[in-house]
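*Asks:* Each chain, written out:
Number of protein chains: 2
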Amino acid sequence: MQLKNDLLIRAAKGEKVERTPVWLMRQAGRILPEYRKVRASVSGFKELVKTPELAAEVTIQPVDLLGVDAAIIFSDILVIPEAMGLDYEMVEKTGPVFPKTINNASDLDQLRVADAARDLAYVTDAIQLVKKELNGRVPLIGFAGAPWTLFCYMIEGSGSKTFSKARKVLYTDPQMAHKLLDMITQSTITYLKCQIDAGADIVQLFDSWGGILGDNQYNEFSMKYIETICNAITEVPITVFAKGAYLAREKMSSLACETIGLDWNMDIAESRKIIGDQKTLQGNLDPCALYGSYDEIAIQTKSMLNQFGSHRHIANLGHGVYPDTNPDHVRCFIDTVKNFQFNS
Amino acid sequence: MQLKNDLLIRAAKGEKVERTPVWLMRQAGRILPEYRKVRASVSGFKELVKTPELAAEVTIQPVDLLGVDAAIIFSDILVIPEAMGLDYEMVEKTGPVFPKTINNASDLDQLRVADAARDLAYVTDAIQLVKKELNGRVPLIGFAGAPWTLFCYMIEGSGSKTFSKARKVLYTDPQMAHKLLDMITQSTITYLKCQIDAGADIVQLFDSWGGILGDNQYNEFSMKYIETICNAITEVPITVFAKGAYLAREKMSSLACETIGLDWNMDIAESRKIIGDQKTLQGNLDPCALYGSYDEIAIQTKSMLNQFGSHRHIANLGHGVYPDTNPDHVRCFIDTVKNFQFNS
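Residue numbers (my numbering), protein chains in the order written: chain A, 2 to 345; chain B, 2 to 345.
Don't read these hints as lab results, they were simulated from the structure.
Hints should not be assumed to be uniformly reliable.
Identical chains share a label here; the pair holds if one copy fits it or two copies do between them.
Stated by the list, open to error - Quick list of in silico lysine-lysine cross-link-like pairs, BS3-like style, CA-CA up to 30 Å:
1. Lys38 x Lys14
2. Lys303 x Lys14
3. Lys133 x Lys94
4. Lys339 x Lys274
5. Lys17 x Lys132
6. Lys162 x Lys303
7. Lys303 x Lys47
8. Lys162 x Lys194
9. Lys303 x Lys17
10. Lys166 x Lys38
11. Lys38 x Lys133
12. Lys303 x Lys180
13. Lys5 x Lys101
14. Lys132 x Lys5
15. Lys38 x Lys303
16. Lys225 x Lys303
17. Lys166 x Lys303
18. Lys101 x Lys166
19. Lys339 x Lys166
20. Lys133 x Lys274
21. Lys94 x Lys162
Being a predicted model, the structure only gives us computed values, none of them experimental.
Sequences are here, hints too, so could you generate the full structure?
*Replies:* See the structure below:
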């Protein structure tokens, strides 16, 4: 299936584009009343993730309703820990909670490398439905959590400000840490390849907790595994987004990835200088900017576009869109990108 | 009262010291059984903060029990919002909660610039007791939250991963934001001067949520007010610690402060290069390193000391010590600093 709008893929590959492509992290979700209606029809978030027809429906909503240049499969990064044998619950207003966590090397015996084709068929089924329904209108983004971020949840058992339990293991049992990170990495590679086989046109790794490690530990416990994944994914372009990982940007420039995501606090010019011109950059408007007036959103968005320039940029927020954002304000952001003319 | 151990003050001023001084953020607190005993004798955290005899007692505990080179007054950054008219509760395991928050400009009418001498006398009383009891053994550190961090709590009403409510105001009502930040700044200056009058030998500003703003917003909504405070505090050395504020380090080098705190993710050599050699640096061992073995703690601590060098460094963690840290491991950190010999 030839893509009718392949701006995102071409921008990722560094090809010339007529205009900057745009999508939003968390675009399929609570900002849309249409999403909340579907969500209300099921018992919980995980049921939505695991019902391919519904996951496909909410994946496509932002393409129809917001006019983004890509869909991203509606799912959760924690499907991998679950497929490895560590179940979780999504608790309203609290976030994910793991009844069991990994505390020592013997706990690893209860885990397996995920059999994605079997255990995560609900994701690949949803991808196939989305691809059929999209009919080439825009590309579909597949994704997974970076191994370090999944490790954080599997050790800590929930969200945390410091993830001190997870970071403790790096000092007390680095061997166990590497063993678990390796299992997650192998699971993730298979999972991403299944997503690609099912039709994902590009994939993204989310290292949501990349910012809580110093440079040496980031290299040893996160970057190393991201590198392994990037080297293994040769079929489609890959994007790496490591929130808060300021010091990691330099090394990321030599990853076998096409695109690097910037969070809203990363300076655009500084990041381009550090990363060089061989990568596409994605981001990075402050999601809070969408709380401003239409005029303010347009000003901030244009300023961002000018800072990134017309080449090798995919417009996005620097973090997932916040759930209470007015969809009309999101449309203002998207339309501003789509209508923007660079000064020649 | 002449200080017998004035290593911290001399290091802050950039004078030569026989060895690197050391203390820990959150050294007075849950790591010590002796603290937990005092804490159990009162109904809540705030009662402890507001009872000068008890606050003084737990302030001195780490000097006696851990051998640190400074005491830091046991208190809370949120005493300022409270003294401005915005009460808070400290909820066990949740953290601070403000029943009322600031939502718009008219809410500011309910606030006042704190009358620290009257409303925060419990802090200055505690400082006087500590000074008397310490009898010059080590210096006493006073502190306050940076205006931006206090602003976050006053708008958001509690801790948050994103502080999106607080950051929203920067886009929707920047004038109100500046008005509130100015009130906090005036309150903080008076408060710090009261602490100094009562005997604080050095003061520190904690910008715990400095890392959630991009560079421009940090300059406008945080740095500007930190600068005002630094310019106003001329009596004793002042330390600024802005967690996660990577981009702010360069501008901090021109603040009228003596010491800049580094979090555990900030690269030491890079920070020294950015900040220059006219400031003392404080930090920055990963608090999680204290979960390691004694050997590992010694290795990590020595590595940190070597990276900072013998001049203009105050040893500390890069974040508050985590409550479940073994006090013997904290002592290992402290003793390693105290016994360290730089290669000549």
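*Asks:* Going through the numbered hints above, which ones does this structure break? Give me the numbers in ascending order.
*Replies:* 1, 3, 7, 8, 13, 15, 20
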